[in-house]
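Chemist: As given, the protein sequences belong to chains V and U, one line each in that order. For the first sequence, the numbering used here assigns the number 47 to the initial residue and increments by one for each residue that follows. For the second sequence, the numbering used here assigns the number 320 to the initial residue and increments by one for each residue that follows.
Treat the hints with care, as some may be off.
Straight line, CA to CA, 25 Å or less: simulated SDA-like cross-link-like pairs of lysine to any residue [as the list claims (entries may be wrong)]:
1) K210(V) x T200(V)
2) K211(V) x D542(U)
3) K517(U) x I52(V)
4) K274(V) x K211(V)
5) K211(V) x N369(U)
6) K211(V) x L561(U)
7) K211(V) x Y494(U)
8) K253(V) x L470(U)
9) K210(V) x K517(U)
10) K253(V) x N402(U)
11) K610(U) x G550(U)
12) K423(U) x Y494(U)
13) K210(V) x G590(U)
14) K262(V) x S453(U)
15) K253(V) x G446(U)
16) K253(V) x E471(U)
17) K253(V) x K227(V)
18) K210(V) x M544(U)
19) K210(V) x G591(U)
20) K253(V) x Y592(U)
21) K227(V) x E520(U)
22) K66(V) x Y592(U)
If you want the ones that stay clear, here's a sample from chain V, every Cβ over 10 Å from chain U, calculated [said to hold, decoys possible]:
23) T61
24) Q131
25) T236
No lab work stands behind these hints: they were computed from the structure. All C-beta atoms in this analysis are idealised placements derived from N, C-alpha and C, irrespective of residue type, glycine included.
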Amino acid sequence: MHNVNIYPLSETALTIEFAKDISLAANDKVIAAFQLLKSSPFPGYREAVPAYSSLTVYYNPVEIRRRFPYEQRSVADIVTDLLLQILSESNLETSTERTITEIPVCYEDEYAPDIWAVADYCGLTTEDVVALHTNHLFHVFFTGFVPGFPYLGTNPEPLEIPRKKTPLLSVPAGSVAVAGKQSGIYPFATPGGWYIIGRTPMKMFEKSASPPGKLKAGDQVRFISIDKNQYKSLLSL
Amino acid sequence: MSVRIINAGVQSSLQDMGRTGFQWQGVPVSGAMDTFSYRLANMLIGNDVNAVVIECTGAGLNFVPETELLLTLCGGGSVLSINEQELPSYRPVVVKAFSVIQLKPITIGFRSYLAVKNGFEGQADLGSVSTYVSASLGGSNGNFLTDGTILEINKSVHRLMKTPGKLFDEQQSYYVEGWGITGKLFDYVFSNQVRVIKGPEWNNFKEPGKLFSGTFQISQQSDRMGYRLKGPTIVPVSNEELVSTAVSAGLIQCTPDGNLLLLMADAQTTGGYPRIARVAAIDIAKCAQLKPGSEINFVPVSAEEAEELYLKRELELARLKHMIDLQYY
Numbered sequence: 047m048h049n050v051n052i053y054p055l056s057e058t059a060l061t062i063e064f065a066k067d068i069s070l071a072a073n074d075k076v077i078a079a080f081q082l083l084k085s086s087p088f089p090g091y092r093e094a095v096p097a098y099s100s101l102t103v104y105y106n107p108v109e110i111r112r113r114f115p116y117e118q119r120s121v122a123d124i125v126t127d128l129l130l131q132i133l134s135e136s137n138l139e140t141s142t143e144r145t146i147t148e149i150p151v152c153y154e155d156e157y158a159p160d161i162w163a164v165a166d167y168c169g170l171t172t173e174d175v176v177a178l179h180t181n182h183l184f185h186v187f188f189t190g191f192v193p194g195f196p197y198l199g200t201n202p203e204p205l206e207i208p209r210k211k212t213p214l215l216s217v218p219a220g221s222v223a224v225a226g227k228q229s230g231i232y233p234f235a236t237p238g239g240w241y242i243i244g245r246t247p248m249k250m251f252e253k254s255a256s257p258p259g260k261l262k263a264g265d266q267v268r269f270i271s272i273d274k275n276q277y278k279s280l281l282s283l
Numbered sequence: 320m321s322v323r324i325i326n327a328g329v330q331s332s333l334q335d336m337g338r339t340g341f342q343w344q345g346v347p348v349s350g351a352m353d354t355f356s357y358r359l360a361n362m363l364i365g366n367d368v369n370a371v372v373i374e375c376t377g378a379g380l381n382f383v384p385e386t387e388l389l390l391t392l393c394g395g396g397s398v399l400s401i402n403e404q405e406l407p408s409y410r411p412v413v414v415k416a417f418s419v420i421q422l423k424p425i426t427i428g429f430r431s432y433l434a435v436k437n438g439f440e441g442q443a444d445l446g447s448v449s450t451y452v453s454a455s456l457g458g459s460n461g462n463f464l465t466d467g468t469i470l471e472i473n474k475s476v477h478r479l480m481k482t483p484g485k486l487f488d489e490q491q492s493y494y495v496e497g498w499g500i501t502g503k504l505f506d507y508v509f510s511n512q513v514r515v516i517k518g519p520e521w522n523n524f525k526e527p528g529k530l531f532s533g534t535f536q537i538s539q540q541s542d543r544m545g546y547r548l549k550g551p552t553i554v555p556v557s558n559e560e561l562v563s564t565a566v567s568a569g570l571i572q573c574t575p576d577g578n579l580l581l582l583m584a585d586a587q588t589t590g591g592y593p594r595i596a597r598v599a600a601i602d603i604a605k606c607a608q609l610k611p612g613s614e615i616n617f618v619p620v621s622a623e624e625a626e627e628l629y630l631k632r633e634l635e636l637a638r639l640k641h642m643i644d645l646q647y648y
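So here's chain U without its partners, still in its complex pose (with noise of 0.2 Å):
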């Protein structure tokens, strides 16, 4: 069972949840950038938590399935379109085999996640098929994918979507199940309102308050490894250089010239910049969502606060999983 790459797109990749493990021998976690909409795709089609699905950033991808599949998209940036006829995202959905599937453009959000029935094969390293190309891990032979490129699904049979006996007439090519998932459940990862709490150094800076006050956006100097963002400058009270301690993604470090880095899945596991702020963990995947030129305004929330939202959001998720999974065997 195979999928043909015919059009790669821009920097679109092999992800599942992440490399977890190694960070203390300097190997970033990775992953999904929007586990949210990552972890939407595998429910919706009965996948494992941590199948390998493609990442893709904005449109452009373009593939032909060379079996019968079922599929769904989940996230922004792009839809999923055969023969110029535009399929609900957040649904399953079955293909006919050698039908010609694009990502065409949307305006709204920025990265989507195509799961496969049974997910993705990749190379597997250190326990993930998670691409990070500066160390050649994971992905397609430890890259982005390329035109051309033929992507192997798992075999192995698992959890079968309980339909009706026949999908397609001849004028078909693709059918939609009857039951998706309410639209108010993600709509919360389309907006630039990003949550945050003031990060270990906060005190460090003379003005921090900037950051709530001021409007940033998000630089073209920004991809998988972290944001460079573009707005008031915010200085540090002295300039001594702060010992190199771990980060991680979600972070936002204020660089010398006084401007502030988000980091993001690929970034780097430990660094010494002082830490102005985190972005709430629910909201990372909002971050995720927002392409380069976009606005992204920052609102005060507590740890405590974050937390409590965090865990709701897991209990959220782990309901709404046991009752997609009612549609599988």
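For reference, chain V alone in the conformation it holds in the complex (with noise of 0.2 Å):
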């Protein structure tokens, strides 16, 4: 039986949460229920969410009360219910099998705004900071704040540093950032408050492909050091 527990997040949404903390454990268990959901959707099942330790699942209350017109309990009740039934008729084991996507970086300075101040804080060189960020093979633990953006753990020690106390209004679409333990990929230009340390050619959001993220739940990434040129001559590909 999966530790879990279950809360509303509104009327037509329930989170479950797998774990307080974020871990590779937690997270695998979060996309193999995502896995199966989207598998064999319950009816009036909408879409789910995953995070790094949980999935928020989103639902038609409309449909569930249809379907259970004699109830007393609540229609949230219901679907907690039958999440806890789901879940415990699984192992919540994940496929093997995860794509690596290999994706360019420019590390230059030109492009890397903050890479000194990393490299400061962290008692490294940046030649360091490029070389640990390079040679490691990063877990995509989800997708979220914009679309595409690829939250990306964990950082190789000693690469960690806290997020900035000020985001900047504007980072530069492609932007390849560390905050935390994290790193993740800036797929436009938006406000931001991890530290800069490189910027990639490759497009993280298309609405034509399917799916539209180049990056989702469950992958593996590993960075590619590239120099200015690579960059320019990628980027109007």
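Join the two chains, each given in its own frame, into one complex according to the hints.
Modeler: This is the structure in structure tokens:
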């Protein structure tokens, strides 16, 4: 029996919390539960949203009430019980097949405005930062914040720095950044509070693609260092 | 069949019920901020439930239909006017081709929904025309409406209204149907008493009750993503950061400075700030009708009560739709 806490997020959503902290084990369960619900959606299921250690399930309460018309239980309780039952019938193991995506990143100063600050804080040289960041297999915990933004972890030690106190009003699209023990990639020019250590010419979100995001929960990522000229030529593709 | 936008007003956008199925990729649902008024508008003119409308923020929109057009306006913040004559809201109206129609301001409410027969055509992305400017999805080329835009109207002939033969004579620019829906249905939308349920992190706060005893105001830093509120600061018991989890419209987050942020239609899909409360689903429409500078008061309601109110309203809307449908073939 999986140890979960299910709580309502709204009249049309419940959150299944697998853990209160971040871990690969918890995230694996989130992804397994997500795949399970997507492959056999219960009547009234709308969509589900994975996060680090939780899966939020959106549903149509009218549809649920229609199927359980004489119930004393609230719709939220009916769906909670339904989810607990679905979870208990599965061992929540994810498939071992993981897509590994290589992401080219230019770590040169022009595209990495915060790489010196990060190097200083972590007691490293900028070359160390690049070596650490590129010699590592990252796990995609989930995509959120804005379309296509991946939450990648866990950074190799000692690459760890708290979020900026004052976020930048606009971070260039493609910026690769770090905060806490995580790495992320800004798909669009948006405000951002993470430290920018590079930029990728790869498009992280394309509405015509299926799925539209380049990365999804459960994928794995390797960063490849490229120079300015390679960046420019890849960008124009 | 088209409509020429003479003046687009401020933040007028094409919206439908929203973009579902992609929140897992960080794409918010977006859609009409006041779904109640949006749904009534489409219902009144016999449209599909998900027909595309123009969401108007305040007044200012000016447009000219290039053909005779059945339309309606539902919501607050503005009323339709032709040649300085005010048209009734919440009623189907047929307007003459090439009339100049303006939205004039009224003091009650903030957002209104202009629905035309068959709905507008717009950029359909990921299954919806709802406008989400940050990722250029939907809308008019991924953006709000601009002056001079020509909006096409869906050509599919659908559910004609049962009306007498000739609608206009030379002097008239419009025709109003004899029937309408009672104002009592939507009075509740125009109030600043917002019902909320205690949030998942209610117990993480030192004095969460300040949410009910304090007075809050919607600041100017408010838009479709969310409303920043001004008022008493509410401090969490510890500064420990929460692990990011999914969030949705209606949630009230507490940012590190102790101020509140009410998430709305274009809010990001995940977040890590503690959530002190969530607006009851049926009162999100109320929030959409409050303009920056307005006072907003929170009153507690239980989760069970909020759910019952939601289901009750869905039943009312279904009944209303059946009745209105009798006016259409």
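Chemist: Does each hint fit the structure? Answer for all of them.
Modeler: Here's how the hints hold up against the structure:
Proposed proximity of K210(V) and T200(V) is supported: the alpha carbons are some 19 Å apart, at most 25 Å. Using a Cα cut-off of 25 Å, the hinted pair K211(V) and D542(U) holds, with the two alpha carbons roughly 23 Å apart. In summary, the hint linking K517(U) to I52(V) is supported, as the alpha carbons are separated by about 15 Å, within the 25 Å threshold. With a CA separation close to 30 Å, the supplied pair K274(V) and K211(V) exceeds the 25 Å bound.
Between K211(V) and N369(U), the direct Cα distance comes to roughly 42 Å. Violation of the 25 Å bound is thereby established for this hinted pair. A distance of roughly 17 Å separates the Cα atoms of K211(V) and L561(U); the hinted pair therefore holds under the 25 Å criterion. Restraint check: the Cα-Cα separation between K211(V) and Y494(U) comes to about 58 Å, which exceeds 25 Å; the hinted pair is violated. This hinted pair checks out: K253(V) and L470(U) have alpha carbons roughly 22 Å apart, not beyond 25 Å.
Distance hint between K210(V) and K517(U) is unfulfilled; the C-alpha atoms sit about 30 Å from each other, more than 25 Å. Using a Cα cut-off of 25 Å, the hinted pair K253(V) and N402(U) is violated, with the two alpha carbons roughly 43 Å apart. This hinted pair checks out: K610(U) and G550(U) have alpha carbons roughly 16 Å apart, not beyond 25 Å. With a C-alpha separation of about 19 Å, the suggested pair K423(U) and Y494(U) falls inside the 25 Å cut-off, and the hint holds.
Between the alpha carbons of K210(V) and G590(U) the distance comes to roughly 16 Å, so the proposed pair stays at or under 25 Å and holds. At roughly 20 Å between alpha-carbon atoms, K262(V) and S453(U) fall within 25 Å of each other, so this suggested pair holds. A C-alpha spacing of about 10 Å is found between K253(V) and G446(U), which places the hinted pair at or below 25 Å, so the restraint holds. A threshold of 25 Å between alpha carbons decides the hint, and for K253(V) with E471(U) the separation of about 23 Å falls inside it, so the pair holds.
Under the criterion of a C-alpha separation no larger than 25 Å, the hint pairing K253(V) with K227(V) is inconsistent with the structure, at around 29 Å. Distance hint between K210(V) and M544(U) is fulfilled; the C-alpha atoms sit about 22 Å from each other, no more than 25 Å. For a cut-off of 25 Å, the pair hint linking K210(V) to G591(U) stands: about 15 Å separates their Cα positions. For the given pair, K253(V) sits about 29 Å from Y592(U) by alpha-carbon distance, which is inconsistent with the 25 Å threshold.
For the suggested pair K227(V) and E520(U), the alpha carbons sit about 24 Å apart, so the restraint of at most 25 Å is met. Distance check on the hinted pair: K66(V) and Y592(U) sit about 14 Å apart at the alpha-carbon level, within 25 Å; holds. Not every C-beta of chain U lies more than 10 Å from that of T61(V), the closest at about 6 Å, which undercuts listing it as non-interface. Listed as outside the interface, Q131(V) is consistent with that label: its C-beta sits roughly 20 Å from the nearest C-beta of chain U, beyond the 10 Å cut-off.
Distance check for T236(V) against chain U: the nearest CB is about 7 Å away, which does not clear 10 Å, and the non-interface claim fails.
Violated hints for the displayed structure, listed by number in ascending order: 4, 5, 7, 9, 10, 17, 20, 23, 25.
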